[in-house]
Amino acid sequence: MRILIMLGTICCLLVTPIASAQPIKHQITGLFMPERERDLREVCDKLADIKLVSINYKNAEATFDYVPAKLFPKQTPEQIVQKLDNLLRSASNSTFGVKPRCALPADKLTFVEIPAGGLDCKACCLTAYEAIYKIDGVERATANFRDGKITAWIDSRKTDRPTLETALKNRGVTIGKR
Amino acid sequence: MSQPANIYPIAVAILTALACVVPARAQTPFFEKHCHACHDTSSKRGGLDLTALKLDASNAEQFAHLLKIHDRIESGEMPPKNKPRPTAEEKSSSLKTLHDVLVKAESAKLANDGRTRLRRLTRVEYENTMRDLFDMPGLLLQGELPADGSAHGFDNNSDALDISHVNLAKYLKAADHTLTMAIATQPKPPSVTKQRISLANPHGFVAHVLLHGDGVLLKNKQPDPEFPPAGEHMHIDQGAHERMGAFRNGSSVGLFRHEDESFHPYFIEFVTIYPGNYRIRTSLWSFQWDKGKVLLARGTEAARLSIVQLTGDGRGGGHPSTVLGYYDAPSLNEKVHDITTWLNKNEIVGFNAASLAPGANTRGKNRAMGFVGPGIACDYLDIEGPLHDVWPPRAHQILFGDLPLVEFKAKAGTPKRKLVRQEMGAGKNRPDPSLGLWTVHSDQPLIDADRLLGKFLPRAFRRPVTPEIRKQYVAKVEERLKAGECFELAMRWVYRAALLSPDFLYHIEPTEKIDDHALACRLSYFFWRTMPDEKLMHLAALGKLRDGVVLRGEVERLLADGKSQRFVEDFLGQWLKLRSIAATDPDRKLYPEFNMYLQDSTVAETRAYFRELLDKNLDASYLVKSDFALLNERLAVHYGIEGVSGSQIRRVSLPAGSPRGAFLTQASILRITANGTTTSPVPRGAFVLDRLLGQPPEPPPPNIPAIEPDVRGAKTIREQLAKHRDNPSCASCHAKIDPPGFALEAFDVIGGFRTRYRSIGAGDPAPRGKIDPFIGIQFKLGPKVDASGTLPDGREFLAINDYQNLIAADRERLLKNLAGQFAIYGAARNLTFSDRAPIATIVANTNKQGGGIRTLIHELTQSALFQTR
Chain A
108 MRILIMLGTI
118 CCLLVTPIAS
128 AQPIKHQITG
138 LFMPERERDL
148 REVCDKLADI
158 KLVSINYKNA
168 EATFDYVPAK
178 LFPKQTPEQI
188 VQKLDNLLRS
198 ASNSTFGVKP
208 RCALPADKLT
218 FVEIPAGGLD
228 CKACCLTAYE
238 AIYKIDGVER
248 ATANFRDGKI
258 TAWIDSRKTD
268 RPTLETALKN
278 RGVTIGKR
Chain B
697 MSQPANIYPI
707 AVAILTALAC
717 VVPARAQTPF
727 FEKHCHACHD
737 TSSKRGGLDL
747 TALKLDASNA
757 EQFAHLLKIH
767 DRIESGEMPP
777 KNKPRPTAEE
787 KSSSLKTLHD
797 VLVKAESAKL
807 ANDGRTRLRR
817 LTRVEYENTM
827 RDLFDMPGLL
837 LQGELPADGS
847 AHGFDNNSDA
857 LDISHVNLAK
867 YLKAADHTLT
877 MAIATQPKPP
887 SVTKQRISLA
897 NPHGFVAHVL
907 LHGDGVLLKN
917 KQPDPEFPPA
927 GEHMHIDQGA
937 HERMGAFRNG
947 SSVGLFRHED
957 ESFHPYFIEF
967 VTIYPGNYRI
977 RTSLWSFQWD
987 KGKVLLARGT
997 EAARLSIVQL
1007 TGDGRGGGHP
1017 STVLGYYDAP
1027 SLNEKVHDIT
1037 TWLNKNEIVG
1047 FNAASLAPGA
1057 NTRGKNRAMG
1067 FVGPGIACDY
1077 LDIEGPLHDV
1087 WPPRAHQILF
1097 GDLPLVEFKA
1107 KAGTPKRKLV
1117 RQEMGAGKNR
1127 PDPSLGLWTV
1137 HSDQPLIDAD
1147 RLLGKFLPRA
1157 FRRPVTPEIR
1167 KQYVAKVEER
1177 LKAGECFELA
1187 MRWVYRAALL
1197 SPDFLYHIEP
1207 TEKIDDHALA
1217 CRLSYFFWRT
1227 MPDEKLMHLA
1237 ALGKLRDGVV
1247 LRGEVERLLA
1257 DGKSQRFVED
1267 FLGQWLKLRS
1277 IAATDPDRKL
1287 YPEFNMYLQD
1297 STVAETRAYF
1307 RELLDKNLDA
1317 SYLVKSDFAL
1327 LNERLAVHYG
1337 IEGVSGSQIR
1347 RVSLPAGSPR
1357 GAFLTQASIL
1367 RITANGTTTS
1377 PVPRGAFVLD
1387 RLLGQPPEPP
1397 PPNIPAIEPD
1407 VRGAKTIREQ
1417 LAKHRDNPSC
1427 ASCHAKIDPP
1437 GFALEAFDVI
1447 GGFRTRYRSI
1457 GAGDPAPRGK
1467 IDPFIGIQFK
1477 LGPKVDASGT
1487 LPDGREFLAI
1497 NDYQNLIAAD
1507 RERLLKNLAG
1517 QFAIYGAARN
1527 LTFSDRAPIA
1537 TIVANTNKQG
1547 GGIRTLIHEL
1557 TQSALFQTR
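Chains as they are written, first to last, in our numbering: chain A, 108 to 285; chain B, 697 to 1565.
Among these hints, one or two may not hold up.
Said to hold, decoys possible - Taking lysine to any residue and the SDA-like style, the derived pairs with C-alpha atoms no more than 25 Å apart in a straight line are: (1) B:Lys779 / B:Gly742; (2) B:Lys989 / A:Gly255; (3) B:Lys987 / A:Lys190; (4) A:Lys190 / B:Gly935; (5) B:Lys740 / B:Ser771; (6) A:Lys256 / B:Lys1061; (7) B:Lys1124 / A:Lys190; (8) A:Lys206 / B:Gly742; (9) B:Lys915 / A:Lys206; (10) B:Lys1061 / A:Lys158; (11) A:Lys276 / B:Ile1471; (12) B:Lys1061 / A:Arg253; (13) A:Lys276 / B:Gly935; (14) A:Lys256 / B:Gly742; (15) A:Lys256 / B:Asn1062; (16) A:Lys276 / B:Asn1062; (17) A:Lys241 / B:Gly935.
If you're looking for bench data, these hints aren't it; they were derived computationally from the structure.
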């Protein structure tokens, strides 16, 4: 089913021009806690010519309705992702963004859970999240001050747990015992 | 032509000198009988040889010498008590001889010099005059002007008011600044903006301390669920919190931390662009924080709002500021404070959790979640303005009347306009879009110039201006117009010239008996520290000001006006030296409970008390002893008086036996007369003698070292002074200076009552008493205080209350001194020997009417002493 959706998305992006709004799925950055779903909806309400259809928190994905040719005329699919990322960032004080969807199947990703201290609120979690999600090989991540856990799905060929822990420590996050 | 003019003063001087040399023989019998035994050529006690004395008072040194002898005989201090007393006839005859010599010499001198000489405006007078001349009540100028000197206790005496090229350069700058602010440059007023600001503005100090747990964000009087209090770990990354909108979600800010060297809470998101009146509203409340819970507060706390003048690029803290006021924050019950105030460009509002303990904050392992203690919450600060009820503003209309503002079209003589913009990065408010270059237009410039100057010059010069003078200014306008300047620039040039002229900068009093306009100025500068208003000028023009009833009515009107607070502040600032309140910082180890809230409260007490004496027309004994005090909660706690809540000063009846209330025992006075670490009876005693009793002590002899109190607590100051008094040359003066100082030993450096000295060395552990539980105590209790003493006349006192009773009984002396202080300040000159009789008359007339201080002011203003130059 997921493969079908992905193929559908790619097809949608490749067909130009598209005259009417189409549901298009993107991987979202900044969706690190369940409460962030509400934040994303508020941010998307401020965007013109683009409508948030649904959010898949588990996969850090969101489906939007928009007309790529109208919103981002003459752009390649990669450029469209980049433009949408800019749009979302400027609307959210750089707390949300869009990144290319994961090329690796989910079952090939390694799940890492890091117990953390020093996370008092959602903004502290943003700091922890930002410390790791940009690391090459980190496909998805969460950070939650309520359970004190930071999680990541990583490509183990590119990164590993110690790299993540070091990045977190450098941003002031206290790493707890496993 | 010039020769007689040169000879005349010399001749006068010679004749004067000759007239003053009275044969010494006339005085000989008294001196021989009562003085020569100690003060002859061989004994020469105190360095005084009366056998060689000539009754010549023509030079200042000799005058002072004879005056001292006169006063010693008059007071009965000489001959000494252990010597035969002169008869009353001997004494009065001797005094009359000396009196006549002194008065004659003084009259001759004053015939040449005058008493009140030409003097310029002081800094305070200059700023107030400019504010009132242009109706810009918050105009700040005096900080840019050179400091004034002081003579005879006050800064408005010509001896203290020199003028140099530095003054002139600063006056030029001040005049330009004022005119730039006054002249409207747009056809409509700036838009009124209303901005709500959180104390936790991004990039600010408060946002930073919230991350560390020295404060919390609150919603509905509970911790904000989206920004929980900092727990064992601080919130990390201020930037991330700002991006997430943690400080923009409408939460209230609860602070546990007092302002300090590294923490300056500012509302930095509104930085004034347009000077003018602004309405400020803020909502405050207090609470008790208990590790994450919000509970009832310990009482009403107080927050301070201040106006901060941003300097440089506006970043950081520690910018100069002035206190706007202290405002109540009741327990869990928000109170909205509504204030309208003038703000200048680049000013913001500052905040301080004033009633919280200084130095106490929550940084520790458990931060806010481990802290139990008081907090002050600020829901918001609304700022609205600039508020203009007329446009162009009054300042502009004073300069240009109702001439229209038009868009400037010509190419030459263009008026200069500085681009209006937000100069401080933190300010979120923005200027209006420019509507182009606008200026004042006149179809008949010289006629309009004549009309405008005809109104402006008499107000600025505080007296009628002759047509000839006005024409000179109009001629300058014509000259500038011919040089190609537009009407606005030409007029600006002459207005600036007027503001730099002696007619504006100086108090002009042309005749010996000052004319009505000069009298109007004297009254206005006495009670308002500024130019006379329209009514005073009108009465002066009608020649009615010397009518006793009219004059009395005007004095009442001036005192009832809000501007008379300037008199209260300026007079007390100098008479009781309140200007020096911050000259020393109390030692933090010895006096950890001291903070700015206490300091400002002590100053407010002294001002409010003086106002109460005036309003209630109380007698002079209240200068040193009172049955009421003017207190707020902070002061009441400091004085150990129960039942006072809140930050506002109010009248409180004192319990029987309380020494508080009067100036003598007010914390401000006790602070000013101490050095921040220790007290000494010498400066305190000298202060009481000089400022309250009117008997300034002689300066200390050369080569006598000052006594340094022992802060280790090993030896009391009294023990050290006892040794000092063994020296006969010190004993006579210290017999007068020390007693009031000994009585005031009952109070410490910050005006707290004490029975034992505080020590940072040896001593017993100090009980906390009323000191805030969040303040650490390091000092110990050293030797016991002995506040007893003996007056020079032999009367003894055991404690401060006894001393108060003794000097309060001498109402005459207290009133006489106050009359002198008012006279020096109001007439802007020192009192001379020949003023003693008029002062005695003023005091006598006051006493006949009950001896009230307001009555004293009326008697003074009605007197020839006040109404002559």
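(Q) Between the alpha carbons of Lys1124 of chain B and Lys190 of chain A, is the straight-line distance 25 Å or under? (A) violated (28 Å)
**Q.** Given pair status - Lys1061 of chain B, Lys256 of chain A, alpha carbons within 25 Å
**A.** Answer holds: Lys256 of chain A to Lys1061 of chain B is near 21 Å, not above 25 Å.
(Q) Check the hint pairing Lys190 of chain A with Gly935 of chain B against an upper bound of 25 Å on the C-alpha distance. (A) holds (24 Å)
(Q) Tell me if the straight-line CA distance from Lys779 of chain B to Gly742 of chain B falls inside 25 Å. (A) holds (17 Å)
(Q) What's the verdict on Lys276 of chain A and Gly935 of chain B, does the C-alpha distance respect the 25 Å limit or exceed it? (A) holds (17 Å)
**Q.** Restraint status (C-alpha distance of Lys276 of chain A to Asn1062 of chain B at most 25 Å)
**A.** Given that 25 Å is the threshold and the Cα spacing comes to 20 Å, the pair holds.
Q. When you check the alpha-carbon spacing of Lys276 of chain A and Ile1471 of chain B, does it fall within 25 Å?
A. Between Lys276 of chain A and Ile1471 of chain B the Cα gap is close to 36 Å, so the pair fails against 25 Å, i.e. violated.
Q) Does the structure keep Lys1061 of chain B and Lys158 of chain A at a Cα separation of 25 Å or less? A) violated (46 Å)
(Q) Check whether the Cα positions of Lys1061 of chain B and Arg253 of chain A lie no farther apart than 25 Å. (A) holds (20 Å)
Q. Given the hint that Lys915 of chain B pairs with Lys206 of chain A, does the C-alpha gap stay at or below 25 Å?
A. violated (35 Å)
Q | Agreement of Lys241 of chain A and Gly935 of chain B with the hint, judged by alpha carbon distance not exceeding 25 Å | A | holds (17 Å)
Q.
Hint check: Lys256 of chain A vs Asn1062 of chain B, CA-CA at most 25 Å. Holds or violated?
A. Within the cut-off at roughly 20 Å; holds.
Of the numbered hints listed earlier, those contradicted by the structure are 3, 7, 8, 9, 10, 11 and 14.
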